[in-house]
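Visitor: Here is how the chains run, residue by residue.
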Amino acid sequence: GIQVEQSPPDLILQEGANSTLRCNFSDSVNNLQWFHQNPWGQLINLFYIPSGTKQNGRLSATTVATERYSLLYISSSQTTDSGVYFCAVDNNNDMRFGAGTRLTVKP
Amino acid sequence: EPEVTQTPSHQVTQMGQEVILRCVPISNHLYFYWYRQILGQKVEFLVSFYNNEISEKSEIFDDQFSVERPDGSNFTLKIRSTKLEDSAMYFCASSERDPYEQYFGPGTRLTVT
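Taken in sequence, the protein lines are chains A and B. The numbering used here applies: residue 1 is where the first sequence begins, and numbers increase by one. The numbering used here applies: residue 1 is where the second sequence begins, and numbers increase by one.
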């Protein structure tokens, strides 16, 4: 099956800093989503982005499908951004998640 | 805004017992999914369901698991004889079409003792 690798596994930032999270995948995909898992365990949809670039407030994402990677940018980070960020990809009606990047934003 | 709901939020059961986890997908969605997340690990795909049939299932989804859409609104996951290793958060998701954005419910935390 398709392999999904996320980097870095852990990231500690000072409030106000910017960051880039990366997701590499091993095959062509029909679907790519970024999620934020909050401290209560809920998976919050951030982006549906099988290709191209999207922005939503302080967050933006870019997927380069031909090169099999996606990037999630967080600008001016806040403590509420803390949690685990997952990339998930789907090419056969069975979405596969990466291991996640655990982000800690310190005040 | 429409959302996926799941009940119960937390279920505790004894090893060997049957459990049914319930989900109400978003009303106009046609594709339904179950995932699980063992504590501290990544989210794992279990099964996808469309038109009253399983579309895909993972190696985790063995004969102990089954899914059903008993009526026009509910989507259930049944584990026939729970094991300790079934303890996890179970997420239901739905999407309008495939491939497309999947929306996840808040999860049911299953604890098998």
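Read the hints as simulated data drawn from the structure, not as lab findings. Backbone N, C-alpha and C fix where the C-beta goes; we use that ideal spot for every residue, glycine too. Wrong hints could be hidden among the right ones.
[Unchecked claim] When the alpha-carbon atoms are kept at most 27 Å apart in a straight line, the in silico BS3-like pairs for lysine-lysine are as follows: (1) B/K78 / B/K42; (2) A/K54 / B/K42; (3) B/K83 / B/K42; (4) B/K78 / A/K106; (5) B/K57 / B/K83.
[As the list claims (entries may be wrong)] A short, non-exhaustive set of chain A residues, derived as facing chain B with CB atoms under 7 Å: (6) N24; (7) D27; (8) N30; (9) G41; (10) Q42; (11) Y48; (12) D81; (13) S82; (14) M95; (15) F97; (16) L103; (17) P107.
Visitor: Against this structure, judge whether each hint is valid.
Guide: Okay, the hints, checked on the actual structure:
1. B/K78 / B/K42: holds (22 Å)
2. A/K54 / B/K42: OK: A/K54 and B/K42 at ~25 Å, within 27 Å.
3. B/K83 / B/K42: Given that 27 Å is the threshold and the Cα spacing comes to 20 Å, the pair holds.
4. B/K78 / A/K106: violated (41 Å)
5. B/K57 / B/K83: holds (19 Å)
6. N24: This hint is violated: A/N24 lies away from chain B, its Cβ roughly 15 Å from the closest one there, beyond 7 Å.
7. D27: Since chain B brings no Cβ nearer than about 14 Å to A/D27, farther than 7 Å, the hint is violated.
8. N30: holds (4 Å)
9. G41: Status holds, d = 6 Å.
10. Q42: holds (5 Å)
11. Y48: holds (4 Å)
12. D81: Violated. Min distance 19 Å.
13. S82: violated (16 Å)
14. M95: holds (6 Å)
15. F97: Result: holds, 4 Å to nearest chain B Cβ.
16. L103: violated (15 Å)
17. P107: Result: violated, 25 Å to nearest chain B Cβ.
Checked against the numbered hints given earlier, this structure breaks hints 4, 6, 7, 12, 13, 16, 17; the rest are met.
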